[in-house]
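Residue-level listing of the chains:
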Amino acid sequence: MTISWIQASILGIFASLSSMPGMAGSTIGNYTLGRPLVGGLVCGLVLGDLKTGIAAGVAMQLVYIALVTPGGTVSADLRAVSYIGIPLAMVAIHAQGLAATSGNAADLAKSMGTLVGTVGTVLFYGTATMNLVWQHIGWRAVEKGEFKKLYAVDWGYPWISHLFFSFIPTVLMTHFGSSAVHALRTALPMDGIPMKTLFTVGALLPCVGIAILLKQIVEGPIDFIPFFVGFTFAASLKLNLVSVTVISLIFAMIFYKLDMAISTNRQPILNGSNDTITDDEEEEDI
Amino acid sequence: MANIEKKTLSRKTLNKSFHHWFYGHLTVFSQEHMQTFGYLTSMLPIVEELYDNKEDQEKAMKTYTAFFNTEPQLGTVIVGITASLEEARASQGIDDGEVDDATINGLRAGLMGPIAGIGDSLVVGTLIPVILGIALGMSSGGSPLGAIFYIIVWNLLGYFGMRFAYFKGYELGDKAVGILIGAQGKAIRKAIATIGGMVVGGVAATWVTVKTSFKLTNGSGKSYLVLQNQLDSVYPGLLTALFIVLCWWLMAKKNISPIRVMLILVVVALVGVLVGFFNPGLTY
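So the sequence lines, in the order shown, correspond to chains A and B.
Quick note on numbering: the first sequence equals residues 216 to 501 in the numbering used here.
Quick note on numbering: the second sequence equals residues 1437 to 1720 in the numbering used here.
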């Protein structure tokens, strides 16, 4: 399997649309086209092997199912995962002769995707830094009161950042990377230490994604309880995610009512006791 | 002289403002001004409709040059609130009333943080993983059905959810602030964090598997201790849960960056493979 210039260019355009500050906006871009599952669909269609594309996308989506970017800190770049990692993983899966939906193919895809995704953070910082130039133009427009220029600053100029940090890297890496992947097979045997390690890392990395999310909601040991209740429902009772969500709603409702009851009751109780105290004093005065 | 006539934004302008935010809140992202320009383009149609003279327009737009960043889907509600505040400022005359620069920016700064907290755990932590989880199940055999399902469901929820947030914010105006960060807001956030925590636990148990291949064998080659089975008989998924807690501990308690944690996992994997704790069992 090889990737032609035309195929590589289509992937390049999708990379520009889908990155974290992407040109399709964050709902359609980052959160739709940027998801590896959707990337797998697109790459599968572009490269003409839907099944391998989806399978690689599913595998990589698991790693990044819970990727959050609090305050613009990025641990992986999804445009690189979805539009550089998935095509290269597809080539690698073909080169290694693995079945598209096998566990080994999935592990290979995961390792490949996370490697490219981690290196790809360079692209994220590159885009964000180049955008400073357009923002500078924007500030001068605001000073002069030429507000219409803001539209070009927000919707037009960033395409230039993406030409350099999304389009060109994607085209070059997918086109030439495929021959590198072919060489990989001979260089690294499957039962060697490097490949075993790479596969194991692929299985461990999803823990980081989950942990980043937990960091947002867990402050102390007690906050871990909902997490472990959900974990137990799925791991021991084999409930699926929708069922877990439905059960969680009843707990959410109880906590909400409880909190509201506490906050609305506290005031009257305090006032009430104050009243009785003042009443007593008044009585004594009399 | 102060202009006392009540000004009302047209539906068309509000729609325009919403769409500018929906599309452009992050397009010209930089580390210095994350969503500031998205906010400016979103307020421009509103300012242009409310103020006839250039001078007032410039004054109004200056307000929105302050730094802005939040969770953008739920953060739409803030844009809606400021649309309503700007309307109030225009009705009272830009220099003459109680709604001024400081009111609007104080409100924006005060809401940014709490909204980011709720938004990250509600949208990114719960909603997206749940839809993705369903979609992954549908696509696990290599079928495109799950991907198509995700595209449709998420975009419908995303678009109409954000639209609802914008117009609710506009309708409630500064009354929304009390709901969002008052006692009720705190209770809502706690409830959402509970849903988030449980769903994330479910996601982890369903989609993450850390397994050991460590076993002890007797002389005849029969294994008498398979560690993975022992661990699972204590608590199913124990090893996975331990690794997640370890990653959380490293990041939350030791302040190690996610990239460093990943590098630590590479080392753990290498050592694990060398001592025979991990073995993916691959062959050509």
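If you are wondering where the hints come from, they were derived from the structure by calculation, not from laboratory data.
Treat each hint with caution, since some may be false.
Said to hold, decoys possible - Some, not all, of what chain B presents toward chain A, calculated at C-beta under 8 Å:
id	residue
1	Phe1465
2	Asp1556
3	Ala1571
4	Leu1572
5	Ser1576
6	Glu1607
7	Gly1609
8	Ala1623
9	Ile1628
10	Thr1653
11	Trp1684
12	Val1697
13	Val1704
14	Val1709
15	Gly1712
To be verified - Chain A regions said to be covered by chain B (calculated; three or more residues, Cβ under 8 Å):
id	region
16	226-234
17	241-253
18	298-309
19	422-429
20	459-471
Built from N, CA and C at the ideal position, the CB exists for glycine as well.
Violated hints - listed by number, lowest first = When the structure is compared with the hints, numbers 6, 7, 10, 15, 16, 18 turn out to be violated.
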